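S.K.: With the hints as constraints, model all of the structure from the sequences given.
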Amino acid sequence: MKKKLFVFGLIIFASMLVTACANMYVSGGVGMSYYGGPYGGYGMSPHVNVGMYGGGMRW
Amino acid sequence: MASLNFQLLMKKIFTILALACMGFACTPGATPPIASQIGESTYTPGKVVWHDLASPDPEASAAFYESVFGWTTVPYGDDDKKVWVFKKDDKPVGLMAYYKTENGSGEWIGAISVPDVSEATSKAKSQGAKIIKKAMNVDDRGSISFIQDPQGASISLIKLANGDPEPSLAEENTFLGQELWSNEPTESASFYASVVGYTAEETDNQKIAYTIFKMGDMNCAGMLKNPAPTVRSHWVPYIRVSNLNETIEKATRAGAKVLVEPSPEIRNGSVALLLDPTGAPVAVQVYNP
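Taken in order, these protein sequences are the chains called H and S. Counting along the first sequence from 1, when you hit position 43 you're at 43 in UniProt numbering, and nothing is skipped either side. Counting along the second sequence from 1, when you hit position 264 you're at 264 in UniProt numbering, and nothing is skipped either side.
No lab work stands behind these hints: they were computed from the structure. In this text, all values refer to a predicted model and were calculated from it rather than measured experimentally. Where hints are given, some of them may not hold.
Listed below are the simulated SDA-like cross-link pairs for lysine to any residue, each with C-alpha atoms no more than 25 Å apart in a straight line [stated by the list, open to error]:
(1) S:Lys-82 / H:Ser-33
(2) S:Lys-123 / S:Met-136
(3) S:Lys-207 / H:Lys-3
(4) S:Lys-257 / H:Met-52
(5) S:Lys-225 / H:Gly-51
(6) S:Lys-88 / H:Trp-59
(7) S:Lys-257 / H:Gly-54
(8) S:Lys-81 / H:Tyr-35
(9) S:Lys-100 / H:Met-52
(10) S:Lys-225 / H:Lys-3
(11) S:Lys-214 / S:Gly-128
(12) S:Lys-214 / H:Met-52
(13) S:Lys-91 / S:Ala-170
(14) S:Lys-225 / H:Gly-54
(15) S:Lys-87 / S:Gly-70
(16) S:Lys-133 / S:Glu-102
M.R.: Here you go:
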């Protein structure tokens with residue numbers, strides 16, 4: 001009986017592990033290591049050189 | 001005899017529970033209907049056909065985009081499998097997923113249509129890109145991968161299951177497209193030419209060097225030398241709005257920072273660059289060709 005309980009516990013653990021790995025994209029952040037946006041590491045006050053910002057796209 | 005029956009019963013119960021656990025584990029979270037709602041059966045390789053928001057604070061992001069652009073946010077899945085589809089007038093415009101980002105900020109990641117995601121992703125890797133998520137199939141969406149190009153800009157490659165949206169002028173409060181702010185434009189042009197097949201057309205009627213990424217005659221995306229030199233290369237999404245000042249006022253009230261104010265020097269005052277409440281850059285533009 002103890003052995004069966006152990007095996008059952010193992011199955012529960014495995015199922016939780018597989019859940020974490022299954023369908024990674026749909027599960028939001030799980031499975032994709034993402035450092036963050038480009039402006040996050042700059043104290044949210046980055047400098048943009050307006051003189052360099054121009055041109056334009058014909059969408 | 002009674003003991004044997006009890007053992008058999010227990011065995012059956014264990015087997016059923018084990019199968020139930022494994023079945024639950026392998027069941028994907030609810031997948032939002034995207035491809036079936038935006039696809040038009042034909043493909044437009046090279047076009048940015050979808051937009052994903054990686055947000056460290058989905059609640060704040062949802063509140064921002066709802067109040068500024070009038071989007072609705074529809075959740076799919078449960079708990080840690082939850083994602084949110086942004087909709088404008090019942091049509092999906094983007095998808096948001098929670099990412100506990102290391103630097104605490106978010107980013108819109110555009111998806112470029114390619115004929116074969118695995119092949120394009122392999123090519124990207126061979127050209128020096130970092131593969132964030134290799135090609136995978138997602139129900140009612142298609143095949144998709146996430147990469148960081150050699151200059152550090154995040155982008156994804158996609159083949160939508162039901163075809164791409166028909167190329168047309170974006171409706172107000174939806175995405176016009178994406179523009180690459182590259183720290184090394186020459187290298188970026190070479191990378192995207194190799195992976196996506198873009199030809200780079202330099203525009204000669206502008207004050208600064210500006211590149212248009214094209215597929216045949218079709219304009220697909222823009223590129224310029226990164227005007228924020230201390231920031232890594234990144235793609236900037238543009239949302240079409242009807243009234244720039246009104247949009248900026250709403251955005252700042254909803255927690256955005258204005259990184260670039262409208263200026264006659266920049267596209268005749270038609271553009272502003274915002275950082276949404278999670279720090280994700282998003283440009284807003286009045287665009288009436």
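S.K.: Against each hint, give a clear statement of whether it holds in the structure.
M.R.: Hint check results:
no., hint, in the structure
1, S:Lys-82 / H:Ser-33, "holds (17 Å)"
2, S:Lys-123 / S:Met-136, "holds (16 Å)"
3, S:Lys-207 / H:Lys-3, "violated (76 Å)"
4, S:Lys-257 / H:Met-52, "holds (20 Å)"
5, S:Lys-225 / H:Gly-51, "holds (11 Å)"
6, S:Lys-88 / H:Trp-59, "holds (19 Å)"
7, S:Lys-257 / H:Gly-54, "holds (20 Å)"
8, S:Lys-81 / H:Tyr-35, "holds (20 Å)"
9, S:Lys-100 / H:Met-52, "violated (32 Å)"
10, S:Lys-225 / H:Lys-3, "violated (65 Å)"
11, S:Lys-214 / S:Gly-128, "holds (22 Å)"
12, S:Lys-214 / H:Met-52, "holds (22 Å)"
13, S:Lys-91 / S:Ala-170, "holds (12 Å)"
14, S:Lys-225 / H:Gly-54, "holds (10 Å)"
15, S:Lys-87 / S:Gly-70, "holds (9 Å)"
16, S:Lys-133 / S:Glu-102, "holds (17 Å)"
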